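Chemist: Chain by chain, the residues:
Protein chains: 10
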Amino acid sequence: MPDPALLETFPTPSDAPFVVEHVNEEFTSVCPKTGHPDFGTVTLRFQPAPAAQGGTCVELKSLKLYFQSFRAEGIFYEAVTNQVRDDLVACMKPAWLQVITDWRGRGGIRSTIRADHGDVPAHHRGA
Amino acid sequence: MPDPALLETFPTPSDAPFVVEHVNEEFTSVCPKTGHPDFGTVTLRFQPAPAAQGGTCVELKSLKLYFQSFRAEGIFYEAVTNQVRDDLVACMKPAWLQVITDWRGRGGIRSTIRADHGDVPAHHRGA
Amino acid sequence: MPDPALLETFPTPSDAPFVVEHVNEEFTSVCPKTGHPDFGTVTLRFQPAPAAQGGTCVELKSLKLYFQSFRAEGIFYEAVTNQVRDDLVACMKPAWLQVITDWRGRGGIRSTIRADHGDVPAHHRGA
Amino acid sequence: MPDPALLETFPTPSDAPFVVEHVNEEFTSVCPKTGHPDFGTVTLRFQPAPAAQGGTCVELKSLKLYFQSFRAEGIFYEAVTNQVRDDLVACMKPAWLQVITDWRGRGGIRSTIRADHGDVPAHHRGA
Amino acid sequence: MPDPALLETFPTPSDAPFVVEHVNEEFTSVCPKTGHPDFGTVTLRFQPAPAAQGGTCVELKSLKLYFQSFRAEGIFYEAVTNQVRDDLVACMKPAWLQVITDWRGRGGIRSTIRADHGDVPAHHRGA
Amino acid sequence: MPDPALLETFPTPSDAPFVVEHVNEEFTSVCPKTGHPDFGTVTLRFQPAPAAQGGTCVELKSLKLYFQSFRAEGIFYEAVTNQVRDDLVACMKPAWLQVITDWRGRGGIRSTIRADHGDVPAHHRGA
Amino acid sequence: MPDPALLETFPTPSDAPFVVEHVNEEFTSVCPKTGHPDFGTVTLRFQPAPAAQGGTCVELKSLKLYFQSFRAEGIFYEAVTNQVRDDLVACMKPAWLQVITDWRGRGGIRSTIRADHGDVPAHHRGA
Amino acid sequence: MPDPALLETFPTPSDAPFVVEHVNEEFTSVCPKTGHPDFGTVTLRFQPAPAAQGGTCVELKSLKLYFQSFRAEGIFYEAVTNQVRDDLVACMKPAWLQVITDWRGRGGIRSTIRADHGDVPAHHRGA
Amino acid sequence: MPDPALLETFPTPSDAPFVVEHVNEEFTSVCPKTGHPDFGTVTLRFQPAPAAQGGTCVELKSLKLYFQSFRAEGIFYEAVTNQVRDDLVACMKPAWLQVITDWRGRGGIRSTIRADHGDVPAHHRGA
Amino acid sequence: MPDPALLETFPTPSDAPFVVEHVNEEFTSVCPKTGHPDFGTVTLRFQPAPAAQGGTCVELKSLKLYFQSFRAEGIFYEAVTNQVRDDLVACMKPAWLQVITDWRGRGGIRSTIRADHGDVPAHHRGA
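Chains as they are written, first to last, in the numbering used here: chain Y, 1 to 127; chain A, 1 to 127; chain Z, 1 to 127; chain R, 1 to 127; chain W, 1 to 127; chain H, 1 to 127; chain X, 1 to 127; chain S, 1 to 127; chain E, 1 to 127; chain B, 1 to 127.
Keep in mind the hints are simulated off the structure, nothing from the lab.
Please read all numbers here as calculations on a predicted model, not as lab measurements.
A couple of the hints might just be wrong.
Unchecked claim - With a straight-line Cα cutoff of 30 Å, these simulated DSS-like cross-link-like pairs (lysine-lysine) come out:
no., chain 1, residue 1, chain 2, residue 2
1, S, 33, S, 64
2, Z, 61, H, 64
3, Z, 33, B, 33
Claimed, not checked - Over 10 Å on every C-beta distance to chain B, these chain R residues come out as not near it, computed from the model:
no., residue
4, 3
5, 79
6, 118
Unchecked claim - Derived contacts from chain H toward chain Y, CB cut-off under 10 Å, selection only:
no., residue
7, 35
8, 37
9, 105
Built from N, CA and C at the ideal position, the CB exists for glycine as well.
One chain only, chain Y, in its complex shape:
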């Protein structure tokens, strides 16, 4: 089941603001209605808090294991997106953070869900 305790962080290397994007094209969970697997891509974007304020970045391998913990979970698209955002905000306390999930489609319909935290810059809101 989804396990935010898997997430680890390391101190941000800079006080100057910068932006990080991690894209996982190998996300899978299970549809709670039909029991069939869902497949999607998860995009995570964030600006770490400054080093002077104890800002952190999520460690890449721990992020991968966290995503893998959804593999057997029955969960809707909208809930995955909101939970990933909430878990990563809780662990990094970033300046801002954005989660976008793209799903390969069921019944001929492809879906994208986007959830923001904090003051996401306007140029990231369109995708």
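Here the structure of chain Y is known, so what remains is to put chains A, Z, R, W, H, X, S, E and B in place on it, guided by the hints.
Modeler: Okay, now just chains A, Z, R, W, H, X, S, E and B, sitting in the frame of chain Y:
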């Protein structure tokens, strides 16, 4: 014939604002002038009202059945787009909603129609 | 020769604002200097005036015939673009309208001409 | 050697503002350091001054000959871009003008240089 | 090891503002945790200070050698990005500067890091 | 229901062998198990019999109407493909003929079915 | 665990030879060495035995469930490919059959495995 | 009207066999049934007869004028293809020659016609 | 330096012939003339000897480490390709084996080298 | 002017047959009729003679200088292709050799010329 009663919803999982996009690449209706079938893609984007205000999301399978109910309907591009917007606004009462239809073309001309409801963010207005 | 009398309209189906885009990838006219044919794509975008104000949309087949009326015309890129804008504004009196022509190129140079009428939204001005 | 005297113009066909883009994918000059040829694409965008103010557009064949006049010139990327901008501004006195050069790369590095004149609209500044 | 002393500059050819972009698709360093090589693309964008203020541009071959000096370095994605920004700002003192690194991915996750200096125009902040 | 009587032909214009390919990207029928619509592309390739032997080509508009006659039919992918081959062979008696259907997919699986008649050349057998 | 008993068939609709291809882009199993999930695409091609000889085709939904039965299995790429071929040959006894698996990659290396049964036509052997 | 007298040739530069391909993406003629324009791409491939046997190549500008002579002609796809083959064979007497026409489509159906003369190599017969 | 001792194998899982392809897009070595790094893609294809004859497959992680052992080596394109073929043939003794290297280019020229061992099927010889 | 004396070779590293392909996307010469520059891509493929027979490979930098020697030459497409083939055959005496030139087009027509020497494998003859 187009049947909005097919549409079902479920409560939005979050008070934090988020955005949903569903893309149906298998839409077909009939040209009321020639009787020939039209083929297109329908993109639906919306921000649900917050959970605390009774916000809802459209259920995916019901959306698919609603789109299929246009299959035998004689209806113009512009009318399809406006009706889909009105039916989905009536059923979800979202913070904002946008419908875009892209048509494969007749007589060498491809067409796109876009209809907005409420305060659609600027970054979605270009496509 | 270009014949705006070919253009027909029908009443817009809605008071709510919406946007229409028609793309004709089969436009051809003749270079007035060399007599060789030019080939291009014409993109037309507009927002009809509201139904309550007698707003109209251009009918698709009549638009196709209007574009075909340039087939034997000797006319520069810039003049085609300005004339199409003026003819369609005159026939529809839209809230705003934009015409973009993309030409396949002569002498190794590809060209694009864009002409706006009224308050074209910023997100359409870049292409 | 680069010869702005090759450039010819014709009167703009309209008082209404419109935008012209010419893309030459066959530009070549010579690296002044190594003597090896450089290959690139030159994009020119401008809004002619209004017809009532004597606005002009550059004639396409003269533009091609002007670009060909760089073929044997030893000149840096940055200098090409600034010179093309200055030569075309001097010949057309446009409302605004933009020159972008994209170079195929040397030593594994691709380069793009962009030079603006006047109040280039924001939507053209990103590329 | 990364060696900013390799960077050379030449005087900017213009007082008019212009923008330079260099893209190196052949960047490689080493993961400090696993010792495996990382592969990525580094994009550098900047506006030189005006010629009248002693503005300079980085010389292309020296930039290539500087990037090659990371080949054996064990260093995280985030640290590469911040160091390249700081080294280039120190050597050119540009009006503004932006560094974007795109990494081919480890464990199924692709990453992009973006670090800005000074007043980077809004249209460059989205990528 | 599928109606081969809609198919019309015209005499082939040549005794020299030549090959015709028609691709319809707007084919739709109905899944006989679920009642949901199927969407696909139908590719038809054939070599007409020589003019001297009374060879014919299928007329394009009649082919379109024939394909539209499957719109309400409940029929499997494999049966569509075999029926189209048999109907077209019966009406044209070509030197050889090939039908390929590509289906957009159900349950995450895309399908292609290929049925040949007569001595289809080797270079067409792979797709 | 992989369960060939899930596979169902239906009688082939024709005595004339034809070819079926099913592509599943949502295959996942587990690496037996590391325990991390593997993601790939499975392509199945076959020619059913003729109807007169009791030839059958695999039913699409049962094929999907069979592929899903690998989801928790620890198994190498090469073994997946050989097992899928053997299970499908046993259930359909086709004229010929081919299985191709494409894997998204581990450690920067993408892999493809191809296993044939019977006389696969030459034009299918290259991919 | 199509005018083969426009075609000019020049002597082939070599006795060694070689192959020439000319692709015209700007072909247009008129549908004899509807009077609407057709748009397509014409590909011409041939191997000139050896220089020692008086072999010739078609001159490029004359080929362009020949293709332009179809602009006002009402003629079917199949007839265009056979006529271009026959006219070019008559003027060049090549070792072999192939004409392929690709049409943008009418009524949702795209078409390709291919006509060969002489011993066209097998690797060119598939497209 | 290139170290074939890093290569490990495991027994092939089948007596039936099958084909394996591994593509490494992250290969780098050093040009022996200039000392600058080279970047390329290495494609390895082979058919293992049958299990009954002691056939083996190369283990994926060991293959990656073997490729990494070229990172500091000064070696020409042609020599890399021949050495990889020879090392892998020595370690696996496959039925046949093919190595293709694609190099990003130096001085504007991209290169591909292909080396075969044994009876590589014709359909693999073209790329 | 084209100067085959610029070409240098080095001994082939292997007796086993292998294939080399060099692609130069930055070729330019001059049209002898109009004096305008032509731009194209030159692809060179060959199999060196075995090392035991004194086989050689063309050196990459010398090949680049040889191609640059056509920069000011007035020469037809067909003649460029035949001359490159003859010059490289004379300098390397390869087992077989193939030259393909792709030209960006004049008057809306793109051209490709292919010239072979010796027994070029069938799979390379199609492009």
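Chemist: Next step is simple, just say for each hint if it's right about the structure.
Modeler: Outcome of the hint check:
1. S/33 to S/64: The hint holds at about 26 Å.
2. Z/61 to H/64: holds, 19 Å
3. Z/33 to B/33: Satisfied, since the Cα-Cα distance of roughly 20 Å is no more than 30 Å.
4. 3: Residue 3 of chain R clear of chain B: closest Cβ-Cβ about 15 Å, beyond 10 Å.
5. 79: Given a closest Cβ separation of 20 Å, the condition holds.
6. 118: About 32 Å separates residue 118 of chain R from the closest Cβ of chain B, which puts it past 10 Å; holds.
7. 35: At 13 Å from the nearest chain Y Cβ, residue 35 of chain H fails the 10 Å test, so the hint is violated.
8. 37: Result: holds, 8 Å to nearest chain Y Cβ.
9. 105: holds, 8 Å
The structure fails to meet hint 7 from the earlier list, while all remaining hints are met.
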